[in-house]
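Visitor: Chains as they are written, first to last, in the numbering used here: chain A, 1 to 210; chain B, 1 to 210.
Some hints could be false.
[As the list claims (entries may be wrong)] Below, computed lysine-lysine pairings styled on BS3-like, alpha-carbon distance capped at 30 Å: (1) A:K185 - B:K197; (2) A:K191 - B:K197; (3) A:K191 - A:K179; (4) B:K72 - A:K185; (5) B:K72 - A:K179; (6) B:K185 - A:K185; (7) A:K185 - A:K197; (8) A:K197 - B:K179; (9) A:K197 - A:K179; (10) B:K179 - B:K197; (11) A:K179 - B:K179; (12) A:K197 - B:K72.
FYI, nobody ran anything at the bench for these hints, they're computed from the structure.
There are 2 protein chains.
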Amino acid sequence: MIRVLVVDDHVLIRKGIVLLLENYIDIEVVGEASDGAEAITQAISLNPDVILMDVSIPNGLDGFTATQEIHKQMPNVKIIMLTMHNEVAYIQKAIAVEAHGYILKNSQGGILYEAIHAVYSGRIYYNVGIPQEQMDKLFEHKGHEDQCILTVREQEIMRLTVLGYTNIQIAGQLYISSKTVENHKSNIMQKLNLSNKAELIQYGLANNYM
Amino acid sequence: MIRVLVVDDHVLIRKGIVLLLENYIDIEVVGEASDGAEAITQAISLNPDVILMDVSIPNGLDGFTATQEIHKQMPNVKIIMLTMHNEVAYIQKAIAVEAHGYILKNSQGGILYEAIHAVYSGRIYYNVGIPQEQMDKLFEHKGHEDQCILTVREQEIMRLTVLGYTNIQIAGQLYISSKTVENHKSNIMQKLNLSNKAELIQYGLANNYM
DNA sequence: AAGCTAATAGTGGAAAACCCCTATATGTCT
DNA sequence: AGACATATAGGGGTTTTCCACTATTAGCTT
């Protein structure tokens with residue numbers, strides 16, 4: 001019997017997942033939590049085998065941070081990140097906090113079951129919509145890329161880009177050349193493994209560069 | 001027996017909702033759809049009593065637009081918007097497209113059941129986290145909505161623009177020409193008296209077009 | 001029937017962004 | 001001293017936006 005804790009702030013979704021898991025006789029949902037803090041206390045008191053952790057839970061403590069914290073306190077618990085985003089930045093973060101699994105909310109129910117069994121057996125299970133070779137790279141870069149932090153200048157560029165300013169406008173505000181702005185942008189994209197402007201913007205929005 | 005169609009792009013969530021509804025003997029889930037276009041075809045072929053419609057479904061045709069379209073073709077079908085956002089802008093949109101219900105994904109399961117019964121009986125059921133008086137105002141302003149001067153299409157363009165997509169990407173998502181996207185953008189700028197893209201983006205961000 | 005709005009699509013030229021490079025100055029760490 | 005990171009800037013070519021127009025169709029309203 002695999003004992004599972006389900007963490008998601010949306011009651012409907014949480015209940016749905018719980019019902020889904022009830023179909024499997026070898027899985028038992030032992031608890032639910034709706035935010036990061038609750039996830040941590042529940043993890044400690046229930047000592048589950050596997051935690052299904054939504055990424056975007058509210059109240060400051062997001063799924064990644066909660067995962068890090070739980071890892072520290074209970075190194076044997078396996079954690080699967082559950083998210084709607086299959087963007088590289090999110091996957092990278094999941095790898096950084098050493099989540100054992102990562103699956104999308106638009107996976108089939110069976111995937112969820114597979115993932116739980118995989119991480120329970122000590123395997124890594126990332127079911128994402130990007131090619132395997134790119135995944136390999138992400139895992140390789142894990143060690144020497146502690147947090148993939150942008151420099152102060154890059155953060156400024158990110159912020160102004162999210163706000164819709166053109167390279168020339170940004171250059172004007174920072175008293176530099178628009179070519180330099182271009183370079184910063186492409187450095188940012190490389191660092192974060194983003195492949196186009198939309199991903200850059202959406203990363204910026206998701207990370208409050210506004 | 002109330003016949004329900006469930007529309008959500010995330011399989012896990014959709015299956016969860018279906019399982020949740022299976023607990024009620026007077027409700028039957030007759031179909032599922034994962035995007036706006038599918039929702040419309042399913043609605044026509046299945047003729048459900050109630051549609052549970054996620055707001056943020058992909059492929060251009062969002063839940064609001066799909067709702068409008070279904071209203072046109074099948075005026076007797078009741079539609080409940082299902083969303084994670086309790087922001088006024090979304091509620092306003094729901095009222096504008098005359099959705100019969102609006103509930104948050106972090107409602108209890110019972111709320112879902114209540115909402116389905118309410119709209120099936122011809123009532124309006126908005127379960128949102130804002131005070132009643134503000135809701136009343138929103139409903140009052142429905143007719144003479146001087147506030148939201150953007151058309152539904154323009155709102156879509158605005159949203160995708162804020163998210164950083166290029167004209168060509170937006171065109172691809174909405175199955176129109178990039179020239180049309182350009183025109184919508186310039187119409188938006190004229191309507192809102194904005195003079196460049198940065199102002200457009202910042203207006204969009206401030207008004208939750210994300 | 002005439003007028004209006006929304007949505008669609010086009011032309012053509014100027015401006016800007018994007019992409020792949022190279023390059024320099026200035027730090028800091030080992 | 002050498003390696004590395006950061007911030008700066010440019011060349012040159014391709015793609016995309018931006019802008020100011022025109023135009024057509026469908027669906028309303030008066």
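Visitor: Would you pick out the hints that fail for this structure and give their numbers low to high?
Guide: 4, 5 and 12
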